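Colleague: Residue numbers (my numbering), protein chains in the order written: chain F, 1 to 339; chain S, 1 to 339.
Take the hints with a grain of salt, since some may be wrong.
Just so you know, same-sequence chains aren't split out, so a pair can sit in one copy or run between any two.
As the list claims (entries may be wrong) - Cut-off 20 Å, straight-line C-alpha distance, at most; resulting in silico cross-link-like pairs (SDA-like, lysine to any residue):
hint, residue 1, residue 2
1, K335, I298
2, K205, G106
3, K333, S303
4, K316, S105
5, K66, K248
6, K333, Q304
7, K73, G11
8, K248, L9
9, K205, R69
10, K335, L289
11, K335, S111
12, K316, P39
13, K335, H272
14, K333, Q312
15, K335, E299
16, K13, H272
17, K316, D36
Honestly, the hints are just simulated from the structure, not real lab data.
Model, not experiment: these values are computed from the prediction.
2 protein chains.
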Amino acid sequence: MTSIAEQVLSGNKRAIARLITFVENNHPDAQYILDDLYPHTGRAHLVGVTGSPGTGKSSLVNKLAKAYRQQAKSVAIIAVDPTSPFSGGAILGDRIRMRELAGDSGIFIRSMASRGSLGGLARAVDDAIKVLDAAGFEIIFIETVGAGQSEVDIAKTAHTTIVVEAPGLGDDVQAIKAGILEIADIFVVNKADRPGVEKTVATLKAMLELGHAPTRHMLHHGQLMTVESVSNNSENSAANSWEIPVLKTSATKEEGIGPVIAAISQHFDYLHQSGELANRTRTRLIDELETTLQTVLIERLVSQLPPDYLSQIVDKLASRSLSPYTAVQEILKTKGNQE
Amino acid sequence: MTSIAEQVLSGNKRAIARLITFVENNHPDAQYILDDLYPHTGRAHLVGVTGSPGTGKSSLVNKLAKAYRQQAKSVAIIAVDPTSPFSGGAILGDRIRMRELAGDSGIFIRSMASRGSLGGLARAVDDAIKVLDAAGFEIIFIETVGAGQSEVDIAKTAHTTIVVEAPGLGDDVQAIKAGILEIADIFVVNKADRPGVEKTVATLKAMLELGHAPTRHMLHHGQLMTVESVSNNSENSAANSWEIPVLKTSATKEEGIGPVIAAISQHFDYLHQSGELANRTRTRLIDELETTLQTVLIERLVSQLPPDYLSQIVDKLASRSLSPYTAVQEILKTKGNQE
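If we strip away everything but chain F, and leave its shape as in the complex, we get:
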C-alpha cells in the first residue's frame, strides 16, 4: 500500500485533500491509490442535497453537519458546482464555510467545479466520495447547485437524496420538475420563517400524492445494463414503502434540523432493510464500471491509430465528404489493421 493511502485511511486531512486533487487532475497514480482504498469503502452514508439557487442549501447542510458533530459523527461535505465549467468561486465558498465549521477535526469540506469536462466531474466526485468513505467519514454530503441532469447523476450516487425548496419558489409549477420529484427521498422546505411556507408544503404534498412515486430503479439505462439486470429482490414489496416526508426548516435559525437528521437516518434504515441499498450500490457500480471502460477503451483506440489520422477524419467530416457512421467503421477497421 502506498503511503498516501495509509495516511488517508488514518484520516490525515492533508493527504485526503491531496488525493482528491490527484483525482481531479487525473493524476496517473490516482487509480492505483483508489484501488488500495477500495476494500475500506462502503461504510459511509452518502446524502445528496440539491435544489434551486436561493433555497439556502449550503446553510442547511452546514447546520445538518453541526448537528451530526454533536452526535460525535464525522462529516464530509462535497459542494459540487456543475453550472460552472471553470472553477473560481469555489475556493471562496470553501473559506466562508470553513470559518463556520473551522477547527473541527471531524469535518472535511471540499468544493468541486466541472472545469469544462462533461463526464469528468461526475467521475471525480465519485472518486472523491471513495476517498472520504475510506478515510472513515460516516456521513458524506454531496451538495449541488442548479437543476438538471446533475441532480439525476447525484441521485444515482447518493443513498439518500434531499431536495430543498423555499417558499415562493415552489409555487411555480415549472420550478418543481417531474425529474426532481422522482429523485427526492426527503423534501425540505427551508426558509420556513418566510410567508407562503404552508402553500409550498401543500403543493409538494399534493404533487407527491398525484402518483409521482419514486422510481429510482428506472434511472439507469446504460449499455452494460442491457446484458445484466439489477438484482431485484424487493422491488414490489419495498419500493413503495418509503413515504417521502416533506419537512420544514429555518437553517439560519437552526429550526427543524432534528427531524431532518431523523428522516435521513430512517431512510438509511429503510434502504438496508428493504434490500434497496444493495440495488442502488450495484447500479452505481455498473455505471462506474461502464464509464471507466469507455475511458480506457478510447484511450487504447487513440494510442493504436497513426498520428494525425483522427485529425484527417475530422477534416473529412467537416467537409461532409465522410459521414459519421462510416467514419466510425473506418476508424475501427484502421485500428484492427494496426494491431
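Fit chain S to the given chain F structure using the hints.
Modeller: Showing chain S alone in chain F's frame:
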C-alpha cells in the same frame, strides 16, 4: 438512398418526425439514414436558447419563430427538457405551442425529454438537429429548461447561444452563474415590462465587464482532443471581437423581438468572418465522434465477453473483493483472450 431519407430531404414533416423517433429509440436503421442525410447538413443556423424556469423562454422562442416566418425563413424548434428523465409534459407542451404556430408548413416543433439516459439525450438532440438541417430548416432553435451541464452541452452544439433572464431573477448573484455567462453569445432580459428590468440589465452588463469574456474554445476537454488540437486560425484576433449584447424583450407583447433577430444574424456573420464557425463545428464533430466511438467500443466489448461475466465482476466489486481499476484490467484481458 432510403426512401425515408428522400422524404426528409423533400421536407416531409411526417418523415422528419418519424426519423427523430427512430433516433430517440435507437432504431437500428437510424445511423444508416443519418449517414445518407449527412452530406446535406451544415446549412442551418443553430440557435440555443436557455435560462431558468419562469423567464418566458418558450414564449420568446415562439415570437422569434414568428418573426422569422415573416421573413419567409423556415424554422424548427427542439424543446429539450433535461430535468425530466421521464417524458410526460412534453407532449402537452407541444400541443400548446402547435396551436399558436399551427398550420404553417415552414415550422416544425418537437419536444425531447431525457427518458433517464444520461448521454442519450444529448446524442438524440444532435441527431435530430442533423435531420432538421438536412430537411432544409434555416433556423433551428434548441431550447432547454433548467440550468446546469445541459447548457454547456447546448453551447457546444449551437452556433449562437441566447441566455434568457427576467427581472428579479437576475438580482440574485447565485442565479447568474459564471458558467451561464461564459456560454452566452446574446443576453435577453425578457418580461421587460416588469419592474426591476433596468437593474437586471445593469447587473448583467456589470458582470460582463468584470472580464467574463467568452471562452468557448475551452469547453472541450474530451479525450480525442488530447491527440489533436482544434484548428485555430483566429483565436487571438477574433475571439474577443464579439461584444455580447444585453437586449430587452417582452415576448407576450411582441416587443423587442426585432433587435434579437438582428443580433442572431450579426452573430452568425461574426462566426463566419472570424473563422470561429469552422472552429466550433470542428470541436462539435470531435465530440460527436468520441461519443459514438465510446458507444461502439463498449458494445463490441460486451459482445466479446462470456455471458454473466460482467455480472460476476459487479458481484465482486459489491463485496469489495475486487477493486475497480483491477476489474477493468481483468475485463480487458478476458476480452483479449476471447478474440
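Colleague: At most 20 Å between alpha carbons: which applies to K335 and I298, within, between, both or neither?
Modeller: Cα proximity of K335 and I298: in one copy and across copies (11 Å, 15 Å).
Colleague: Given identical chains, is K248 near L9, meaning Cα to Cα at most 20 Å, within a copy, between copies, both, or neither?
Modeller: Answer is neither: 37 Å inside a copy and 56 Å across each miss the 20 Å cutoff.
Colleague: Using 20 Å as the alpha carbon limit, work out where K66 and K248 are close: within a copy, between copies, both or neither.
Modeller: within (18 Å within a copy, 45 Å between copies)
Colleague: Is it within, between, both, or neither for K335 and L289, if the alpha carbons may be no more than 20 Å apart?
Modeller: between (23 Å within a copy, 15 Å between copies)
Colleague: For K316 and P39, with the copy left unspecified, which applies at a CA distance of at most 20 Å: within, between, both, or neither?
Modeller: Classified as between; 11 Å across copies, 48 Å inside a copy.
Colleague: Given identical chains, is K335 near E299, meaning Cα to Cα at most 20 Å, within a copy, between copies, both, or neither?
Modeller: both (12 Å within a copy, 16 Å between copies)
Colleague: How do K316 and D36 come out at 20 Å by Cα distance, when the copy is not named: within, between, both, or neither?
Modeller: Between copies, since 15 Å is at most 20 Å while 45 Å is not.
Colleague: Treating 20 Å as the Cα threshold, decide for K73 and G11: within, between, both or neither.
Modeller: within (14 Å within a copy, 63 Å between copies)
Colleague: Within a copy, between copies, both or neither: where do K205 and R69 come within 20 Å Cα-Cα?
Modeller: neither (31 Å within a copy, 43 Å between copies)
Colleague: Evaluate K333 and Q312 at a C-alpha cut-off of 20 Å and name the case that applies: within, between, both or neither.
Modeller: Intra 15 Å, inter 31 Å, cutoff 20 Å: intra-copy only.
Colleague: How would you label the pair K316, S105 (within, between, both, or neither) given a Cα cut-off of 20 Å?
Modeller: neither (57 Å within a copy, 34 Å between copies)
Colleague: What label fits K205 with G106 when the C-alpha limit is 20 Å: within, between, both, or neither?
Modeller: neither (36 Å within a copy, 43 Å between copies)
Taken one by one, the earlier hints fail for this structure at numbers 2, 4, 8, 9, 11, 13, 16, listed in ascending order.
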